[in-house]
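Enquirer: Following the hints, put chain A in place on chain F, whose structure we already have.
Okay, here's what each chain looks like letter by letter:
2 protein chains.
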Amino acid sequence: MSSVNPSPSQTGHLPDTSGSHSGDAVLPTPHQPLAGDTSTPAYAELVDRFIRHYHFKHLGDICSWDRSAMMPPKGNEARAAALAELDQLLHGLLTDPALQPLLAGAAAEPLNDLQRANLREMRRAWLTSNALPTELVQRRSLATARCEHAWRSQRPANDWAGYATNLRPVLDLVREESRLYGQALGIHPYDALMDLYEPGLTRAAVDRVFDPLRHWLPPLIQQVLARQAEHDAAQPLLRPVGPFAVDRQRELSLAVMRKLGFDFDAGRLDVSAHPFSGGVPEDVRITTRYRDDDLLPSLMGTIHETGHARYEQNLPRAWLGQPVGSSRSMGIHESQSLSFEMQLGCHPGFVQGLAPLVAQFFGDQPAFAPANLARLLTRVAPGKIRVDADEVTYPAHVLLRYDIERALIVGDAEVDDIPALWDEKMAALLGVDTRSDYRNGPMQDVHWSGGAFGYFPCYTLGAMYAAQWFATLRRECPTLDERIAAGDLKPVFDWLNRNIWQQASRWSSAELAVRASGSELDVAHYRAHLERRYLG
Amino acid sequence: MSSVNPSPSQTGHLPDTSGSHSGDAVLPTPHQPLAGDTSTPAYAELVDRFIRHYHFKHLGDICSWDRSAMMPPKGNEARAAALAELDQLLHGLLTDPALQPLLAGAAAEPLNDLQRANLREMRRAWLTSNALPTELVQRRSLATARCEHAWRSQRPANDWAGYATNLRPVLDLVREESRLYGQALGIHPYDALMDLYEPGLTRAAVDRVFDPLRHWLPPLIQQVLARQAEHDAAQPLLRPVGPFAVDRQRELSLAVMRKLGFDFDAGRLDVSAHPFSGGVPEDVRITTRYRDDDLLPSLMGTIHETGHARYEQNLPRAWLGQPVGSSRSMGIHESQSLSFEMQLGCHPGFVQGLAPLVAQFFGDQPAFAPANLARLLTRVAPGKIRVDADEVTYPAHVLLRYDIERALIVGDAEVDDIPALWDEKMAALLGVDTRSDYRNGPMQDVHWSGGAFGYFPCYTLGAMYAAQWFATLRRECPTLDERIAAGDLKPVFDWLNRNIWQQASRWSSAELAVRASGSELDVAHYRAHLERRYLG
Numbered sequence: 006m007s008s009v010n011p012s013p014s015q016t017g018h019l020p021d022t023s024g025s026h027s028g029d030a031v032l033p034t035p036h037q038p039l040a041g042d043t044s045t046p047a048y049a050e051l052v053d054r055f056i057r058h059y060h061f062k063h064l065g066d067i068c069s070w071d072r073s074a075m076m077p078p079k080g081n082e083a084r085a086a087a088l089a090e091l092d093q094l095l096h097g098l099l100t101d102p103a104l105q106p107l108l109a110g111a112a113a114e115p116l117n118d119l120q121r122a123n124l125r126e127m128r129r130a131w132l133t134s135n136a137l138p139t140e141l142v143q144r145r146s147l148a149t150a151r152c153e154h155a156w157r158s159q160r161p162a163n164d165w166a167g168y169a170t171n172l173r174p175v176l177d178l179v180r181e182e183s184r185l186y187g188q189a190l191g192i193h194p195y196d197a198l199m200d201l202y203e204p205g206l207t208r209a210a211v212d213r214v215f216d217p218l219r220h221w222l223p224p225l226i227q228q229v230l231a232r233q234a235e236h237d238a239a240q241p242l243l244r245p246v247g248p249f250a251v252d253r254q255r256e257l258s259l260a261v262m263r264k265l266g267f268d269f270d271a272g273r274l275d276v277s278a279h280p281f282s283g284g285v286p287e288d289v290r291i292t293t294r295y296r297d298d299d300l301l302p303s304l305m306g307t308i309h310e311t312g313h314a315r316y317e318q319n320l321p322r323a324w325l326g327q328p329v330g331s332s333r334s335m336g337i338h339e340s341q342s343l344s345f346e347m348q349l350g351c352h353p354g355f356v357q358g359l360a361p362l363v364a365q366f367f368g369d370q371p372a373f374a375p376a377n378l379a380r381l382l383t384r385v386a387p388g389k390i391r392v393d394a395d396e397v398t399y400p401a402h403v404l405l406r407y408d409i410e411r412a413l414i415v416g417d418a419e420v421d422d423i424p425a426l427w428d429e430k431m432a433a434l435l436g437v438d439t440r441s442d443y444r445n446g447p448m449q450d451v452h453w454s455g456g457a458f459g460y461f462p463c464y465t466l467g468a469m470y471a472a473q474w475f476a477t478l479r480r481e482c483p484t485l486d487e488r489i490a491a492g493d494l495k496p497v498f499d500w501l502n503r504n505i506w507q508q509a510s511r512w513s514s515a516e517l518a519v520r521a522s523g524s525e526l527d528v529a530h531y532r533a534h535l536e537r538r539y540l541g
Numbered sequence: 006m007s008s009v010n011p012s013p014s015q016t017g018h019l020p021d022t023s024g025s026h027s028g029d030a031v032l033p034t035p036h037q038p039l040a041g042d043t044s045t046p047a048y049a050e051l052v053d054r055f056i057r058h059y060h061f062k063h064l065g066d067i068c069s070w071d072r073s074a075m076m077p078p079k080g081n082e083a084r085a086a087a088l089a090e091l092d093q094l095l096h097g098l099l100t101d102p103a104l105q106p107l108l109a110g111a112a113a114e115p116l117n118d119l120q121r122a123n124l125r126e127m128r129r130a131w132l133t134s135n136a137l138p139t140e141l142v143q144r145r146s147l148a149t150a151r152c153e154h155a156w157r158s159q160r161p162a163n164d165w166a167g168y169a170t171n172l173r174p175v176l177d178l179v180r181e182e183s184r185l186y187g188q189a190l191g192i193h194p195y196d197a198l199m200d201l202y203e204p205g206l207t208r209a210a211v212d213r214v215f216d217p218l219r220h221w222l223p224p225l226i227q228q229v230l231a232r233q234a235e236h237d238a239a240q241p242l243l244r245p246v247g248p249f250a251v252d253r254q255r256e257l258s259l260a261v262m263r264k265l266g267f268d269f270d271a272g273r274l275d276v277s278a279h280p281f282s283g284g285v286p287e288d289v290r291i292t293t294r295y296r297d298d299d300l301l302p303s304l305m306g307t308i309h310e311t312g313h314a315r316y317e318q319n320l321p322r323a324w325l326g327q328p329v330g331s332s333r334s335m336g337i338h339e340s341q342s343l344s345f346e347m348q349l350g351c352h353p354g355f356v357q358g359l360a361p362l363v364a365q366f367f368g369d370q371p372a373f374a375p376a377n378l379a380r381l382l383t384r385v386a387p388g389k390i391r392v393d394a395d396e397v398t399y400p401a402h403v404l405l406r407y408d409i410e411r412a413l414i415v416g417d418a419e420v421d422d423i424p425a426l427w428d429e430k431m432a433a434l435l436g437v438d439t440r441s442d443y444r445n446g447p448m449q450d451v452h453w454s455g456g457a458f459g460y461f462p463c464y465t466l467g468a469m470y471a472a473q474w475f476a477t478l479r480r481e482c483p484t485l486d487e488r489i490a491a492g493d494l495k496p497v498f499d500w501l502n503r504n505i506w507q508q509a510s511r512w513s514s515a516e517l518a519v520r521a522s523g524s525e526l527d528v529a530h531y532r533a534h535l536e537r538r539y540l541g
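One line per chain: the protein sequences are F and A, in this order. Per the working numbering, the very first residue in the first sequence carries number 6; after that it's consecutive. Per the working numbering, the very first residue in the second sequence carries number 6; after that it's consecutive.
Chain F on its own, in the form it takes in the complex (with noise of 0.2 Å):
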């Protein structure tokens, strides 16, 4: 990606960085300055400002986890409007005009590598905290929150028109934000909407992985269906009969994520309406939902999830509270999930350890056979929505994702235009027809609906990123997949302590991938799961 600032050892990842970082030894944690040191005034007073939100923030991620796990619904209203002034409160820290000087301070002062990259992290918040009005911050609140309510309605009724009355309002304000966050880290406005979920990401870096996936992802997705159609003719596939009782499902859900590594002492599995990984990294809520019909979506669902949550559980304990301490963004972040769900997950070495696991719960199901559920978990059949797509037809739907909302934010389309773009990229790349679907269509998602543009990319390069990982860790351990197929998770979870979780946000993204992998971003390794696992 462009803004990266490639390491010195540009040769692949540092070489003796197990259990601490390289050279990390002499380093204090970002919190405090050397014992005695005076010498930082600045930096210590942002040190102790960022805990400050740090502990505030706490308070909000327990308590949106609660409104969506636990809440009763009679409890919206106050939860809404406790939630919203420590918004206020968290927004008003980072926009205080005494950070200004202390920034400026700080940058002058004698500051080691991580407190100076925690410097970065810190002048980042601040920048894109202090980019908006708050009176543009409120109309865009009241323009999603308007979109979204009817969208509720609006979607079950597949009445398009109705939703793009309350669309264009957000578009507008999007754009207007768009080109506000764009001046304020002097980039281009698309750029800064995907800066604000990936730092540093720009359209240049997404279409040089997105281009070349746009011209071979159709023609593997035909080669992958044509493939499944012989093997199915060969020999059926089994399908799971249910019902499945729910209180199993969390206990299968639950052994698995043992077997993932969870810290149990540090986090919780409850049920929400959708599914996500929230809490604290302390203190890691994950979250599924059971079908009595189907036990896959709640057991891939909680892999998924164990990822982030995994990642957010060995951030180093020493650098929490600070900038620098956090997950370095939801690209990387989604590449965490993705390594347990898809590259670990469906695993044909995993699948023969969970197999038994999921017999002890639910009884010798032939379907349960490591080789059919390994063919369960890597079904390929395209369809008109995302979160039910699988790993090989999920990035046509970011694809599209990405051409509309990056066309609406540079003006080439409006809302209108949206339905006729949907459909005819709907076609090309999966040939589904969306004609007249729109709730199965462009009404699908809530993230535009709530001001989410630049988000989707994400999806698709935490999926590349995965990729690249286990690529790594191929390379590295080259009994890798025996390994795997022997139940020894521990040279996954090792690798992607040391290169990802522990390096928390001390590099770019591209740095990252650069120190971990000895290269950027490199859609080959995807391109070569993709054929491996599903034409191999």
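One thing to keep in mind: the hints can contain errors.
Straight-line Cα separation of at most 30 Å, DSS-like style, residue types lysine-lysine; simulated pairs [said to hold, decoys possible]:
{"no.": "1", "chain 1": "A", "residue 1": "Lys430", "chain 2": "F", "residue 2": "Lys79"}
{"no.": "2", "chain 1": "F", "residue 1": "Lys62", "chain 2": "A", "residue 2": "Lys495"}
{"no.": "3", "chain 1": "A", "residue 1": "Lys62", "chain 2": "F", "residue 2": "Lys79"}
{"no.": "4", "chain 1": "A", "residue 1": "Lys264", "chain 2": "F", "residue 2": "Lys79"}
Bear in mind the hints are in silico, worked out from the structure with no lab data behind them. Quick caveat, the model's predicted, so the values are computed rather than measured.
Expert: Using the frame of chain F, we list chain A on its own:
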């Protein structure tokens, strides 16, 4: 009580208050002055500030509940830091120097009665928040944390000497605190401590009800025990046979909560080591704990907490967010939990309906026959432990603590005197020998370790108020006992809602009692209740 400000209608509670408050139809909520009214700018500003305080407190209340009911152990340190940060913010909001002129300004504004009551409560919150210098609060916090922490291991070790070492500095600080609160409120130091939990409460008011109690309680206990022994000889008491599956106990608890009108759309039941009622009025979180060898503790504990919960759930919606809209006091709160647990839960008529519910979940045991179940629930047995005490001996535990802590605060006793005082009073009040058994003596409660002196009287005041509410209910609804026996609890809930819940903090406790029952707290109702139930 001495601070009572009798209402114009001394003859009893107001006649036509069903549903809403007498005369309130013409009053605005305390939140908003009349539309277009700009004559109360200081009051309006105070209202905004207290709403802000309420929003932040919401986050702390939910996170505190979470800490006890949900949080895994490794989350503790971060949670403690976050809650401490919030405490500092909340304290800062109430010690903002801008409040003093606003309070003075509002006092000169044309406020209605409700607004004036709100201003009185605001002033009280401001006075108590500003009474202590920050350094004292910090020293107190350190001393109590040290004392509580050590107590957790000293209590099981029966180490009085070690415990006393930590309790002495706590007492010193609480004495200092009591002098400062006393100065701020213009009252006696021990009254000032009680005032924190029960505003307006004085030693004189406590003595007015405790002095008679002190004389008639010990002989009453002996009479009850003799009567109970006779009854046992004539008809042996049957004990339920366990084990009692925890999930069934939970189902039973939920069923009883439904019977008692708990609103599950505005609250939850969960598990914690020490049962409590928490959360926020809009979303009340109660907890219980289950033992598989006995079902009655979780059952009666749930009924107790449901009483607290219904008070909170039925505070007047329009007043929430303002001090006048919160529950009146600890004593009044306890009068609700004990109205549910003792007045209602152990009522032989109520038990007629409870018994088949218990049998529904645990089978048709002879012990669950209504008459036997009622005997189990009203079993009297003098013992060393307050929290395990029955309805009849419980007040003895409170009398003893009141006498000792009052002597400690005024300097008539020192920490080293506690064991001898304890032994003497336990022998005199309950005939129980506690010599050398410190862990089941003065080390059994956490209150004093945490600096909570002045709280204990509220438990028994609550029991007395509960008896007074039910005496009034019977006067107003002569068929009350028949209706309870028929499973019709509406008269109880309607009365409590109208007279207690919907009154929130509009009146002092003493005036609330006069308006609800026609007189200030009168211990005769309590004595009559005990005699009727246990000697009738």
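Enquirer: If a hint holds in the structure, say so; if it does not, say that too.
Expert: Taking the hints in turn, this is what the structure says about them:
no., hint, result
1, Lys430(A) x Lys79(F), "violated, 48 Å"
2, Lys62(F) x Lys495(A), "violated, 44 Å"
3, Lys62(A) x Lys79(F), "holds, 18 Å"
4, Lys264(A) x Lys79(F), "holds, 20 Å"
The earlier numbered hints that this structure contradicts are 1 and 2.
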